[in-house]
Structures are given as structure tokens and as C-alpha cells.
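Student: For the sequence shown, counting from 1, position 6 maps to 5 in numbering that gives the first Met the number 0; every step adds exactly one.
There could be a bad hint or two in this list.
[Unchecked claim] So the derived label-pair ranges between C-beta atoms look like this: (1) 29 - 49: 52 to 60 Å; (2) 228 - 118: 19 to 27 Å; (3) 107 - 155: 48 to 56 Å; (4) 97 - 219: 40 to 48 Å; (5) 77 - 219: 17 to 25 Å; (6) 185 - 22: 39 to 47 Å; (7) 77 - 239: 32 to 40 Å; (8) 107 - 188: 29 to 37 Å; (9) 56 - 223: 35 to 43 Å; (10) 99 - 250: 20 to 28 Å; (11) 223 - 106: 14 to 22 Å; (12) 236 - 100: 34 to 42 Å.
[To be verified] List time: in silico DSS-like cross-link candidates among lysine-lysine, alpha-carbon distance up to 30 Å: (13) 126 - 48; (14) 40 - 126; (15) 42 - 126; (16) 39 - 126.
If you're looking for bench data, these hints aren't it; they were derived computationally from the structure. Remember, predicted model here, so these are calculated numbers, not experimental data. Quick reminder that beta carbons are idealized off the backbone N, C-alpha and C, glycines included.
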Amino acid sequence: MQRQVAWLMLSVFLVLCFGYSVLLYIWFTPVYRHLSCPDKKRKIESVSKDSRWVNVTGTLWNECRNPNEYELEFVQDLPSPVYWRRPAGGLRRVGLNQLDSTVFPARGRSTCSTEFRVEVRSEEGQKLLHAPATQLLAVISGTLEARISVLFMTLTFRESIFWICGLELRIPSREVGPIACARSPETLVIPGSGDSSGDIDNQTVATTPSAAANADVHLAPEQLRSLAQTKNAVLVTAMLGFGSAAVITLFIAVRVMPRVEVVKGESAELM
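Start from the sequences, fold in the hints, and give me the full structure.
Tutor: Okay, structure coming up:
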């Protein structure tokens, strides 16, 4: 009887492992759902000038939603350049931006912030300050990392992220436009500051969701394909192994079930 109970308990345990493997397969299919990072707000910290320099500093915020069942982390490689898109054409490097490392919790939200500083010499800075519209472009580059725990192993991926993001300032009229992002300066279309304006002195400006709808973070197709193949191989093998083992142990439990033999004794009936 004890042997039968042990085999039955082992069979139940293997059935639970099979069910957990199925649940993991459902959770991690697809293996990656892209981060959605719409523009949240912008804050111009200061606009100052002296006889030699014109300085503009500020902070940009994006609120990202992670729909995945695992944590993601973004780490910037190095401070990245900020460019001024000149009205006559061409880009001029005018400063740096620093994006804070950010952890995005599983099925949660997190806000990432970018600090930027613009410094140009006074004679050129006067053109920037008095231009009807000034477009600034910032390079956003870094690494998106994740560790996915699947049964008895951990899948790790790292994806390089590169974006060109920009916004429009109208400093004379104190207007700040929404942020837009693209893969290259040539394909970047920056919305006008009149699409979502605000007073620089008030510092915080809301944005329209459509303005930053293209700031989602996707993985490269080959990276996704490799992750999906590894995940499928591990979980399908686990499901087959646990399922087969559960059937075998159940069969053994039935076979070792003690047999009850009924011994028929001869009886005499009195007529």
C-alpha cells in the first residue's frame, strides 16, 4: 500500500510540473512584448546667457509600460550628444544628455528621465534664443537587458537601443512642443510647439499621445527568433518529459495496487 501511495504522489507532482510548464509557455508567448514609452512631460530648468555663452538646461520624462512577465532594465552607455537643427539645414552639436538607468518591473510602469544641457557661444546663441522656432535633437542610446527564469534555467538577452528624439522650442513666446523619436534625423518629424504648448516659466508641459507613439522599444527580429526558439525548446521538452513521466508513474501505481483475492469456500447446503 505504501508503494502505491508513493507512486501516486509522484504522479500528482509530475502532473503539477506539467501544468506549470504549460502556464509558463502561455505567459512567455510571445517571448517579448514591446515597451511603450509615451512622452510624459518636459521641464526647462533654466535659460541663461552672459557675454560669452548661452546655456539651456532641462529634463525630459517618459513613462514606460512593461507588459512582460519579467523585469527589464535600461542602461545608457555614455552621455550622448544634443544637436541643434539649424533653419538653413544641417545639425550642430551643442551639448550632452544623460539618461538615468531605469528598471521596468514586470507588468508595471516606470518613469525614465533624461537630463540635457545646451551650451553655445554667445553670438550663435543669440540666433538660437531669438529664432521663431528652435529644434533640438538628442541621441538616446544604451542597452536593454532582461533575465527570464524558465524552470531550471535563465534566458538572458541584451539589445542595443538607438533613438533620435527631438522637440521644438519657441523661446520668445515661451512655448515648448511635444517630443518625437525616430531611427535617424532624416526620418524624424518634430511636431510644432503649437501642437502642445506651455510656458517655460511654468516648466511642465503635457503632450498628445500620438506625438510619441513611435517611441516604443522593439527587439531585433533575429533576437526575438532566437529567444522564442530557446523558450519553445525548453518548455516543450519539459511538457513532454513531465507529461510522459506522469503517465508512466500512474501506470506503475495501478500495477502495484494490491490485489484482493476472494477465496470461495465450499459450503454445504442442507436440503
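Student: Each hint should be assessed against the structure and marked as holding or not.
Tutor: Now for the hints, and whether the structure bears them out:
A hinted range of 52 to 60 Å holds for the C-beta pair residue 29 and residue 49, which are about 54 Å apart. For the pair residue 228 and residue 118, the beta carbons lie near 48 Å from each other, so the given range of 19 to 27 Å is not met. In this structure the hint that residue 107 and residue 155 lie 48 to 56 Å apart at CB is violated, the actual value being about 20 Å. Taking 40 to 48 Å as the suggested C-beta distance range, the pair residue 97 and residue 219 does not conform, at roughly 26 Å.
The supplied range of 17 to 25 Å is met by residue 77 and residue 219, whose beta-carbon atoms lie about 22 Å from each other. The given range of 39 to 47 Å is respected by residue 185 and residue 22, whose C-beta atoms sit roughly 46 Å from each other. Restraint check, residue 77 to residue 239: a C-beta distance of roughly 46 Å breaks the suggested window 32 to 40 Å. In this structure, residue 107 and residue 188 meet the distance hint of 29 to 37 Å, their C-beta atoms being roughly 31 Å apart.
Range check, residue 56 to residue 223: Cβ separation about 38 Å, and the 35 to 43 Å hint holds. Remark: the range hint 20 to 28 Å for residue 99 to residue 250 is contradicted by a beta-carbon distance near 58 Å. Checking the proposed 14 to 22 Å range against residue 223 and residue 106 shows it holds: the Cβ atoms sit about 19 Å from each other. For residue 236 and residue 100, the hinted distance range of 34 to 42 Å is satisfied, since their beta carbons lie about 36 Å from each other.
Between the alpha carbons of residue 126 and residue 48 the distance comes to roughly 12 Å, so the proposed pair stays at or under 30 Å and holds. Restraint check for residue 40 and residue 126: satisfied, since their Cα atoms lie roughly 26 Å apart, inside the 30 Å limit. A hinted pair counts as satisfied when its Cα atoms are at most 30 Å apart, and residue 42 with residue 126 qualifies at roughly 22 Å. Of the pairs offered as hints, the one joining residue 39 and residue 126 holds, with about 29 Å between alpha carbons and a cut-off of 30 Å not exceeded.
Taken one by one, the earlier hints fail for this structure at numbers 2, 3, 4, 7, 10, listed in ascending order.
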